[in-house]
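Peer 1: Each chain, written out:
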Amino acid sequence: MAVFDTPEEAFGVLRPVCVQLTKTQTVENVERLQAQLRAVSDSALQELQQYVLFPLRFTLKTPAPKRERLVQSVVECLTFVLSSTCVKEQELLRELFSELSACLYSPGSQKPAAVSEELKLAVIRGLSTLMHSAYGDIILAFYEPSILPRLGFAVSLLLDLAEREKSKQIKIAALKCLQVLLFQCDCQDHPRSLDELEQKQLGDLFACFLPGISMALTRVITGDFKQGHGIVTSSLKIFYETVSFIMADEQLERIPQVQPKPAVEHRVAELVVHREAKWVKNTSDKLTLLIKKIIECVSVHPHWKVRLALIELVEALLLKCSQSLVGSAGPLLKALVGLVNDESPEVQAQCNRVLRRFADQKVVVGNRAFADILSENLHSLATSLPRLMNSQDDQGKFSTLSELLGYLKLLGPKVNFVLNSAAHLQRLSKALVQVLELDVTDIKIVEARRWHSDQLSASPETAAGQPWSQMQKRYFRFFTDERLFLLLQQVCRLLGFYGDLYLLVDHFMELYHESVVYRKQAAMILNELVAGAAGLEVENLHEKHIKTSPDELREIVTSILEEYTSQENWHLITCIESEEAGEELTVKQSGLRAITSGAHTCQVPSFPAFSKPSATICSMNGNIWQICIQLEGIGRFACALGKDFRLLLMSALYPVLEKAGDQTLLISQAATSAMMDICRACGYDSLRHLINQNSDYLVNGISLNLRHLSLHPHTPKVLEVMLWNSDASLLPLVADVVQDVLTTLDQFYDKRATSFVSVLHALLAALAQWFPDTGDLGQLQEQSAGEEGSHLSQRPATPEKGLENTTTAEDIEQFLLSYLREKDVADGNVSDFDNEEEEQSDPPKGGERDTGPDVEPPLPVQVQIAADVMERCIHLLSDKHLKIRLKVLDVLDLCVVVLQSHKNQLLPLAHRAWPPLVHRLTNDDPLAVLRAFKVLQTLGGKCGDFLRSRFCKDVLPKLAGSLVTQAPVSARAGPVYSHTLAFKLQLAVLQGLGPLCERLDLGEGDLNRVADACLIYLSAKQPVKLQEAARRVFLHLMKVDPDSTWFLLNELYCPEQFTPPHPSLHPVQLRGTTGQGNPYAANVLRLLQELQ
Amino acid sequence: MAASPLPPPDPRFVLRGTQSAVHALHFFGGAKGQGQPLLLSGSLSGLVHIWSLQTRRAVATLDGHRGQCVTWLHSLPQGHQLLSQGRDLKLCLWDLAEGRNAVVDSMRLESMGFCRSTVLARGQRHWMLAMPGRGSDEVQILEMPSKTSVCTLKPEADAKPGMPMCLELWQAESSPRPLLLAGYEDGSVALWDVSERKVCSRVACHTEPVMGFDFDSQKARGVSGSAEKALAVWSLDEQQALQVCKTHELTNPGIADVKIRPDRKILATAGWDHRVRVFHWRTMKPLAVLSFHSATVHCVAFAANGLLAAGSGDQRISIWSLYPISSDSSTPLSGHVEDTEDGQELLMHRAEARTSRKK
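Chains as they are written, first to last, in full-length UniProt numbering: chain A, 1 to 1092; chain B, 1 to 359.
To be clear, the hints were calculated from the coordinates, so they are not data collected in a lab.
This one's a predicted model, so the numbers in the text were calculated from it and none came from an experiment.
A virtual CB, placed ideally from N, CA and C, is assigned to each residue, including glycine.
Please note that the accuracy of each hint is not assured.
Said to hold, decoys possible - For the chain B half of the interface with chain A, some residues (derived, Cβ under 10 Å), not all of them:
| no. | residue |
| --- | --- |
| 1 | Val-14 |
| 2 | Leu-15 |
| 3 | Gly-17 |
| 4 | Arg-57 |
| 5 | Gln-315 |
Only chain B is shown next, with the shape it has when bound in the complex (with noise of 0.2 Å):
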């Protein structure tokens, strides 16, 4: 086995059953000590699926939004809510707490575009939304759960960047004012300081809308795709500017979804052609082109374990595990990673997967 080279890794294991293509993936729980978590996928159909991962099966099935496409869910920090966003111009509050799954509220979205919302938590029971707004280049600030509006974020009027496409709340630790990255329909990307409704600063990353970024908040970079063959990344700097650091050429055009494990040290794109990539993060080198999908890759997403899922319009959702998260902090990414080039399924080292016996 040694000498030949290693097959190109397959996934851990595939959920079939969603019936239509899935646009949305959220892992749910899973933190340490609370075992396996729960994975959440929204379909073009409408319908959430809850899968256990520990059966691979769908445990429940959420229908909240009448058969128009999910786009967006997000679970939030305390209790066991679910935020699910979907065409039908609806953002759906679920409980899923002891089994039940029942919308405790809903909120209606004023745009028809694709942009996901975003959410930051503020406290015990308080979180901030930010929403594409009424005017097609608004974005909307609200305060949950009292859903009162704090402000519109508008571009000024000569700046004209298009709709919003994506969007991320967040506060840099040594400060407590909320900032928002938005990705526009132009290409770039702007942060909004929402306290003082400005833009703080706005960088063109790409000739296309941008589809999907990251933002790693510790190092302050993040990493954006868009429709065109080419990954950004961009950092920002203590004046709170924005600045391309470089950008990384693909062969196919199109990256639907960006995601950053949460352990900072691989990512994910979500590829129309069919293919999920894996990158180094610090590096930027590509580590792995994953191809089982037999259609464009809508969504991807990272549990806090390190399993990656990746959502496609062949109504399938495919699970990687990928350089598992050791224990001891040392990367084990450098050194075997060889240079690839698209279409060649990169040589990956696979985690032995047999796993060693408690004794």
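One chain only, chain A, in its complex shape (with noise of 0.2 Å):
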């Protein structure tokens, strides 16, 4: 709040303190004159400026020796009235900068005088003040050359006290002060911008300061890290901001050969410098060397604002002066190249940015030198990168590589004068192929193991996001940083996209045929090349940069995708005893449904790592690596190509199929993100929309390769693999290829029988779930009702099965009516009433037969292959494998559920597989003991008459008969007993006997005989499971006739005695007995309970 607002009163207040300051110069007249300064206003100050300033000076001027306390607060006073006022007069603000820089001046030495701090201080800013407060005239006339001297005098003085102070204050202030002599200051003061003379008339001046400033700054920057960024930082921006404006080719252009003879005395035209041609090549030279010294402390500068104030100076020469510091241009796009991938985001963007002006602007794309300067450091990068890549640290190898992908960045397009030269595509590649090798040495990929045989159900929604995220990790041999693949994947990708895609593909595929030690890295280098021509994640630096066209792509997708797949480089051995490893598990899937015992232990196929030497884990391992990268290839081509690759899914879509597949879990899953990706690209919801979609071509394939077995003995896996995956639509095409395969089958009988099989069983799956018989759905349930157990409560309320409770008038009539018919079927009239039922349950057909009453409609196409694939089950029934005779029982089983509304075919067959069958039930292993059961127990529910008198008079003796002989020496063993065979067939016989006794509703006579066998395992002398099993047996019996059953037990052991209702009845003794020894009675206890 100024006080005093006219001169007048102004200089009536200041006067009485100059006077005095004029008189006895002492800190407290300085203080006091300060004091009054204070409360006048600035436009008074103005007009008593000169007045004010003469004690001021004066005080300064005066010879004798002054106490730094007083200088520092006269030049503190001092400052303060300047940046309050103009200074409007030329002399004055000459005299005022002489005088200011002298407080500093040590007569006799180049330093400055050794001064306090604060003094030092107080004489910059007083500086710094000056010029800002001189008029915009007047300040351009201060530049002449006659003030030289002075002027460089002052600059030496500033860089000194930014060079050696410790104050990182006085640092500071200095470096500002020294930005305001040399025009570089950018705060508000200074809007005017200077003309070109004036330019010219500056650069002059300042040239002669160059060597001075750029070496002392030079110093500064290259100094300890510690002194922190800011002084680095603003050094930085006056370094280059010097140098721009000095070596300016704007300028340089404009200077004439011969110097104009200055004006100035002589001493000082010495001083003054003439920016001629020799003069700049010199000064370039040098300056060459500084920028190198800077670029090499200052990129590797810890403090991420430093690397942006480099980037600025870079942008800056080479913007400016790319003339005049052409020399310098290699160090400065190396220094520029290598912050693209700056850790700092600041950093990186900052760089891009720069990078894409450069593209922008075409400064080195339209500027010869620059392209060479780029080519050769390419060249010599090239050149040494297969050196570096064996000799760096990961740190060392990414920026490394940084470097590599700037250059490409720059580069453009013009990247192919690199690659069109043989001998660095050579070193290029080398490196890429050297430094991508894999580890193969990890024996888990080897032993991962696919469990599901029809996992495919994922849509690729469920795979969201990044479409190659789920890939698995890989470890490299040479890096660990997960970051410097990605680096690597950029370099690759924009190869792909700016350089000549069919030299790289051909180059790399000719590495991928040199040697098995190339292959994966050439192969992924492959995908990544074809991803970048299609411009994934590609940052296009140029705009007008055309891309490889998709015709021209797909044809280059169509030959790598053939080289992929081909025989010698698609069916490598990726584990031991393929075949053998894979039906194992196949039979475990479905056999665990049917055991509920621990008899059968799941072994996980654990690799024999000790009978092997490792060398054969490594290559394994790598062909697994190498089925995986070139499956992840084809997802990528497929993203590549988008719909276009829809095309190349007639030879593609076969093969991932088949890896689909596989055994090894990593190579599945791959296939399967590989299946993903072209869902993704082609326009698929799910995997089983692009099967289906596909299967003509994959049918295609599967035909095609059947011819050839031994060749391709993964066929039927794929056959497999599509008939999970796909529906009742492609009946035609399915019954087509299975002609195929039943003709290869009987061709193939005894040597690759296991792969038909689960094919067979894949395939009757299939139908028996397209084509559900729709009258038979409750059966179903029941059958698998009873399988769960023997839960009387869940007992259908038949009216034949006789509870009295239920019984109506309605179902009398029922009975009698089924009766009559079943007694109509025992005469013999069996085949009139089938038809009858068939031609209702098949309501289509009827119209058929109006038109041509003689001739058969054709059959369904899934019963003629059920009844194909029937007739060949009864061949294999007897198959020496155990796995084999298992699946087919399977199979079996299936062909009977698809078969069972054409009794036609049905019977015949049945008929003809019943001799085998027998054999399975009464001599063969007590898996497939089970397994027969279950068929007996299909078959039985669809041609129950048939098969009962077969079953009592062909089976059931020989069970029944070894039942009861066996009972005596299960009943004396010991606790090992469980482990033996006869143990097991027991068991199983057990197990069976029940579920089908109901579902054959056998006859009174040979529920006995199955009661009177299993009634000996009711005792406790028995192993548990036998008992368990035995009492299951009676529960089902339980449900055909509770009565007898109820009797039965009753006999073996009787808990109560019975009173009569009535005296006159003559009470009921049973033969059971009630004693304590009885072994029965627990067993026979829970089954009356069950029964109540």
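Hints are included, so try docking the two chains, each in its own frame, into the full complex.
Peer 2: The structure is reproduced here in structure tokens:
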């Protein structure tokens, strides 16, 4: 708040203090003056400027030795005055400038006087304020050659302070002041921009300071990292501002060759520099050295702001001095590209911005010299790359690769200059291949197994987000840092994007062929090249660059695909005894369903590491990776081509599906994710959709490969996967290929039955699912309930089973009707009855019958297939391998399900299948016995009458007999007995009998025979498991005939006395003893409880 | 690999989906610079399928014969027009340009026979059509598209050649007079001069009906197959007289169709024994027995680019790429051909599947 507004008032106040100060020069007087000055308004002070300055300047000029404290307060006061006023006179400016600079002058020395830091700071501030307070015209006039000595002194003074002072504050202030002196101040007070002439004048003037400034600043910049980033940043700024001003191409162009005569005295004239070509050359050479030094030091500076300033430096110098500093372009560009992948996002962004700006303005591409320099750099980098990749640590590799990436980005389409040189392409590729070498020692890769064969239902949505994120992590031999891989990926993509794709693909294809050592890396690179060529995740800096055309890309992809999926590159050894292990897996998968006991333990087909040399493991691991990489490549090609890839599906889908069925976990995962990529790229909603829509291509591959099964042993697998994932609409196609399968099976009966049987299983399972017999649903449910266990609560209340309380007149009528019908059947009217039934269940066929009554309507395709398959099963039922027999029994079961409504087909086949089936029931492994029982059960449901008599005649006596004879053995046996085959057989028979009796609706005599055979096993002496199984048999028997079962059990053990309801009746005495020693007591009691 | 014998050749691919036996095949388009040709197939169920050889899928289905077998397909040289002959006694003219598929014209056939028709282009929009006529042994010649009857070729009363089984109209380069070759039920082949309506020459080639023949007008040589166990090669001399050059014995009887490749290097036969046989046309040396089908092969066809298609009763169409037509004219066929007996799949020199990448 100014108190004195008018000069008069102010003068009145200031006069005494000024006089006082002139008389006695003390700190107190100066402070008094300053205190008074505060109360004077700026305008008034401006009027009195000269007057007030006089005592102060007088004080400074007094020759007597002065105390520092006084000088400091004088300077501060002076600064205050200057900060509120303007310097309007040229002379005053010059004098004040000299007087202030002189405060730090020490006679006889180049260095600033050894004065207190406060004084130094005050002087620096004073100088800065002075320059700010000068009017624009005046300040320009100030910079004329005659001022050179004084200006030079001030500049060197400031540089010295900036370099040597300890105080950070002083350093910063000195640098700030230097900026002001050199016209680089960025504050608001210098709005005026200089015109050309003025620029030239100043340039000429400053040119003589260039060596001093640049060297001193370089020393500051390359000094200790600890000095703080602010100092380094502003030094960098001054450095590039100064250099780019003095060496600006724009100015240098207009410098005449002959130096005009300077209008100053001789001594001063010597100082003036004429910036002609020779000088420029010399200076540029020297600057190049300094710039290199700076870059070397700053590009690894820990503070990001410093690196950011370096980018500004590069930008300023390359944009303004591209000709004068052409020698530095190399290091400058290198510094720039080296920061492309800086850890700080700000630096990265700025770097990319500058790169983009360069590209936009064609700084590099439009400039021959720069392009040459870049190519040169890339050349030399390519040359040293293999060595660097070998010797550097991860961090070193990272920066080297960042540099490479930066060059590629900057060069853009011009990268071909380098690639066209065979030697350099060779080196570049060698380095990439070398660094991408995978570590293939991990044994888990080889061991990991897929467990479920039909797990392909995932949809692409489930793996949302990054398409390739779910890729298994890779381990590389020469680096561990994940970022390095991403960097390499980017490098390859950029190469693919800008480079000549044909050339590159050819080159890496050659490497791929050259040796197994390179194959994986070459494939990885090829994948990325194609992805890059399609512009996937590539940042394009060069707008005009034309991408590879889709047609060309498709052509290239086609040829790579062909190579990937060729026999020798696709069918590699990935595990030992693949066929065996695979079969075991599938057996277990379905086996678990039927086995309730722990008799069958799952064994992981673990890899016998000791039996094979580890080299094999490595090579298998390598092969697995190879396939995975190729699969990943197929996915990537799909992404690159988009919908165009649909055309390639005819050759690509089959091999991928083949691998999806592979038992090595990693491979099947990779194949699945490749299929996901394909789905996404080609616009299919799910894998099922993909397979369904393209099954004609698959069928084509399958049927052709089946012709050479020895060459394509995995063909059945593909069909299997296809069947799991398709629906009824494919039936015609499936029917077509099934004929091929059956023909081939007939040819390779002995050798490859395993894989075919699993295909047949898949086929029949699919058919059963596609064409469910709607009339039979209830039965199926019942069947499954029966399998579940023995809960009588679920017992269906059928009238035949004779539960009195639910019997109604209708039931009786129903019973009689069905009795009559059965009687009819028994008299031999079977066929008529069946035909009628069939016709009713098959309404669509009825219409056709009218047109041609003599011609039998053609069988539905699925029935024909099932009949054909069942035909084969009959033969395979007695195969010598248990696994095959088990599987065949499953297939047979499904055949029966599919054929159930076509008795004319089913019965003859069942008749023929009977003898081998009996053999399975009576004379085979327990597992097979169980499975055979299951088939019998299904068969019993579909053609019960047919089966009942045969069963009772052929099977039951043998089974019952063996149960009876074995009972004493098992009753006496110890705990080891449960591991014997005999035990397992007993168990299997007991488990199978119950449900079957119920299903077949056996007659009383046969039921009794079953009951008799099983009664012995209710004894507590029998092994627990057998008791359990026997109890279950009786639970089933109860369902069929509860009364007789009750009676039978009570005959064995009678828990209670029956008191007659009326004394006139005889007391009932059952044979079962009630004694404590009865071994059947526990089981009979439990069963009778169930029966209540 | 070099030591073990090469596996028997496989089809390049197989087209499925006609859902009934294939009785006629015809390649459509695919001349130089037009990209991939289309394949047309006519089936027992009366449908004509148009197959894209690029996607290997049917792109369209033409239904114009009311469920009766399609026996002959032929595209007209100008425009996208297709002729189809069916057992419903109709000859349909289809317009296929720009994705259309409509019958623009149809004609009634007078004969119930199996004989396929034939056309000969005459000028920009005119063509001549020969088809079995009203009388069982007649051939009717029509001027198209005006449908004006030119003449009816009826054999002399004492000849009794039976029904015509297959026809081919052609025209020698030297003379403007159209000629008609006809194979008859009695196994003879006759050459008719259409303008004079008389038989120039007739020769008995087979003892069974001629099922199919093809004629190489450059070499003036033809080959015919019949229900018997032999192929007959016959030639035409300057006096327009037919004579049998030689017969080639086969192991199994029955040739349903014979076609010479457009470059006149090889020929293929469709066999009732489910096999396609390939012969060297000049020497009649057997080159390959292609066994893939599981039912009678009814028809074969060659594309301009050398692809071979075979259609069979097993409802499949197999596409084979054999001895690709090389751009240089030197024949790649001599040398590596071994003698073969039927059933023994001949080891073929298969063209390198790997197409060299374009630089």
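Peer 1: Could you tell me which of the numbered hints above are not met by this structure, giving the numbers in increasing order?
Peer 2: Structure breaks no hint.
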